[in-house]
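Q: With these hints in hand, go ahead and build the complete structure from the sequences.
Here is how the chains run, residue by residue.
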Amino acid sequence: METTKINPKNLSEKPLTMKDFKTDVHIDWCPGCGDFGITASVQQALAELKFAPWRVTMVSGVGCSSKTPHFIKTYGIHSLHGRTLAFALGAKMANPEIEVVAVGGDGDGYGIGAAHFVHAGRRNVDLAYIVYNNEVYGLTKGQASPTLKRGEKPKSLPLPNVMDGVNPLALALSSGYTFIARSYAFAGAHLKETIKRAILHRGMALVDVLQPCPTYNDLHTKEWFAQMVESHGQQKPRCFDIEKEGYDSRVKDASNEEEVLSKKKQAFEMAYYRGEQVPIGVFYQIDLPTYYDRIAVNAPILNQYTPVTLPTQDPSGKPTSNLSSALASYLV
Amino acid sequence: MKKTVNDLSWMIGGPQGTGVDSSATLFARACVTGGLWVFGKREYHSNIIGEHSYFQIRVSSKQVGSHLDPVHLLATFEDSTARIHAHEVVPDGALLYDPTVTHPENLNLPKGVLLVPLDYAEVLRQVAAETGESFSKLVIMKNTISVAASFALLDFDISVLEKGLAGIFTGRKAKLVPMNMAVAKKAYSFVKRDSIDKFPYRLEQIHGVPQRLVMTGTTAVAVGKLKAGCRFQTYYPITPASDESVYLEGLPEHGMLVMQCEDEISSVEQAIAASIMGVRASTSTSGPGFSLMAEGIGWAGMNEVPLVVFNYQRGGPATGLPTRHEQGELFFAIHFAHGEFPRIVIAPADHEEYFYDSFEAFNYADRYQTPVVVLTDKNIGNNTQSFLPFDESKLRIDRGRVATKEDMSRYSIDGMYKRFAFTEAGISPRTFPGMQDGIFWMTGDEHNELGNIDESAANRVPMHEKRMKKLEIAAREIPEKDQIRFYGDASADLTLMSWGSPKGAILDALPKLKKAGINANFLLVHLLWPFPAEAVTRILKKAKKIVDIEMNYSGQLASLVRRETGIQVHHKILKWNGRPISETEIVEGVLQVAKKNEAKVVLTAGM
Ligand code: SF4
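Protein chains in written order, with numbering that gives the first Met the number 0: chain A, 0 to 331; chain B, 0 to 606.
FYI, nobody ran anything at the bench for these hints, they're computed from the structure. Glycine is no exception: its CB is placed at the ideal position from the N, C-alpha and C atoms. Accuracy of the hints is not assured; some may be wrong.
Covered stretches of chain B (in silico footprint by chain A; criterion: 3 or more residues with CB under 8 Å from a CB of chain A, positions within the stretch not fixed) [to be verified]:
1. 206-219
2. 264-276
3. 435-448
A: In structure tokens form, the structure reads like this:
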């Protein structure tokens, strides 16, 4: 089980369905785009978790997938290219009682936003980050994204890619993410459950979602993901759920260095899995104090209040912060 | 012998990391303890240990806001400072030096400078012998020796030094006071009566002066932010801005989250997001970091997010003079980032204004729901001044338009809320994530009232206009006393014009100019954007001769005045060598303009 952390304030009194999280904003994604599947899974996950829509804030960057917040009926911050996590982190730290879910593309998160991606891991802010990974920059007509492997040539590229691809799961592992998972845009229940687990995880959670871009990526299409492939002499589905095959991602005792190291090694190996099959599921998870917890150790007042609720003025607007102890050492 | 009393420029220098700053702090605090006023100028390299740094303290019987170029007493404890600064000592000044390392005959000292040798090691040896304390433990107290010997030469009462030490060594460190005093007394005894009599400068206690604050500009800003209720501060380490954030990190009891970010891009975005959630948020940086923040601040402008950004200007462009002073970013501050969006730019000009503007900037941000850039600089940021305690009694926090019940019923449909509603007043009431029926969207794209993307021409025209019009509202509402400040006699022969930190030197220079027969007044432009064209025009129309004074190469304020008012400024006093303008330079520069009608005077003082 994930560490549950649902704030009762965030639960809806009435039962919810996916429809409660839908807007009537026109969706302008290409037909067959994997983004549809991911968005539906997010909506379903939020409904099943029974979150009141106004207690959730979706944050995104810029790109095809970053339009997602407009299609989901929660507060939505469609920020700048690459800045998904910077915005999400600021929002969550300012009001840790709100459920903040970050979404964005692989170019946004692993390319222009890579610095934020790495440092979000170091902080372990309580966020779920869902990356729509399609190996191309869709909204600018299909250039190679940071996850496209060297030598690959989707139809949008004039020549094969000359850069190596980044491995997001391995990068997350070395950056300190405390929940690292992969799923697939049309994996339905698996994706929805993985998103739910990421949201429930108390700490920085990554769900890297493999997402077909039918317009520009003709290498890894919906059909490709649906293929049966050869594995150890048997025909198996392309995507296989590692946890169904006995993979245990969870660190039971975070203070046990040996266990942590062996779970990390296992996750790293799985992130570099070789073969025709694509492993999906949760690769690594550990419970560690969140960034907010760590800051509140030095500022216990933040256990009683959050930055948005700290009293700073009286009803007449008179500031209530007392500067006398701060000023004492400067008073001569 | 007639002595100059309580009007002094004292300098101490040495390799960075050897206690120059602590000597200067002790000297300044002790003077203030004695009822005097100080302005302290700190110059340092972009280096941690070893490069030359120096601190100049001006002491006066009245409040002062600038330094003087001449040095009356140069205190040294090693040789480099004497070599570098000897020529700055006035002919009737004095050099305090250690004869075991410095040989005055090798120095470029003006004739007449009084030589005051002081064998630091001998002072310490004698104290060690008398107290039984080990010599090596006493070495750290050589700062106290410099200050004590200076005070001895200035015939200043040693009791102020004891009070000064007690103010610095508090709590567990209080036990260091007696040993420092033993060292101080010994140093006093080393300065000969004959030298004291010959030295024409003296410090005298003034009794009955109320307590004052002695602090840097970054600290004044920090406490202003706390008072304003800012509880979310972000930064990426940069000189000189990060002093403010690091100071705030040390005050966790207020619950302010101080986030050290991976870069300035993250700093600004985190602050913006925090502000959207409802907390007052700010970030502080210097030139290079401010450049990186441009895109983010534009997004905040587009989404009507209140945001307060402090830019402590330093020498640019690029890395420029990272530890030195300049005012090169006026044009950048009013124009940075792509596209048009409303931004308010203010320039506080002294330590007290740093506090009050730090407070008020958040009110502007909330009231006009837009970014506020506070253009500060290294001169005030790093330098120290004594001033009367802040008057906190009149301060009021105004969070601007937050949705009322009425607004909710008017602008909310099916749980969603028109965050960007067109209203008669021109400003839309805010909701915050977590509020029922308050759901909105924000996007960098042009958007409709709910905040969803809308590129239609029919939406673009009124939505863009609604944002931009907030500048007109701000220009109307911000009182004139916060747009410009005017000092002196309206009918003066000369009108000096400036913005930001030259204020101190200009105000200090006005009475000196008067003595020299020049009657000048002074226009300080405080609100840089929206530009207070009306108020500036009214003053400048009456001016007989306008002199623009700025710490940059091109005279940016003069150009802006021409653009916004049509008034051409024919005289400029400019400085861009990275060292702040002194009172001395203002007096000389203005005299040149007044007497020789110079169009451009370039100032170059400072090492
Ligand atoms: S370009 Fe690709 S990622 Fe973008 S909407 Fe079309 S199919 Fe989806």
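Q: Closer than 8 Å, Cβ to Cβ, for at least three residues: run that test on the region 206-219 of chain B against chain A and report holds or violated.
A: holds (count 6)
Q: Do at least three Cβ atoms from the region 435-448 of chain B come closer than 8 Å to Cβ atoms of chain A?
A: Per the Cβ count (10), the hint holds.
Q: Between the region 264-276 of chain B and chain A, are there enough contacts, at least three residues with CB-CB distance under 8 Å, for the coverage claim to hold?
A: With 11 residues in contact (Cβ-Cβ under 8 Å with chain A), the coverage given for the region 264-276 of chain B holds.
Every hint from the earlier list agrees with this structure, and none is contradicted.
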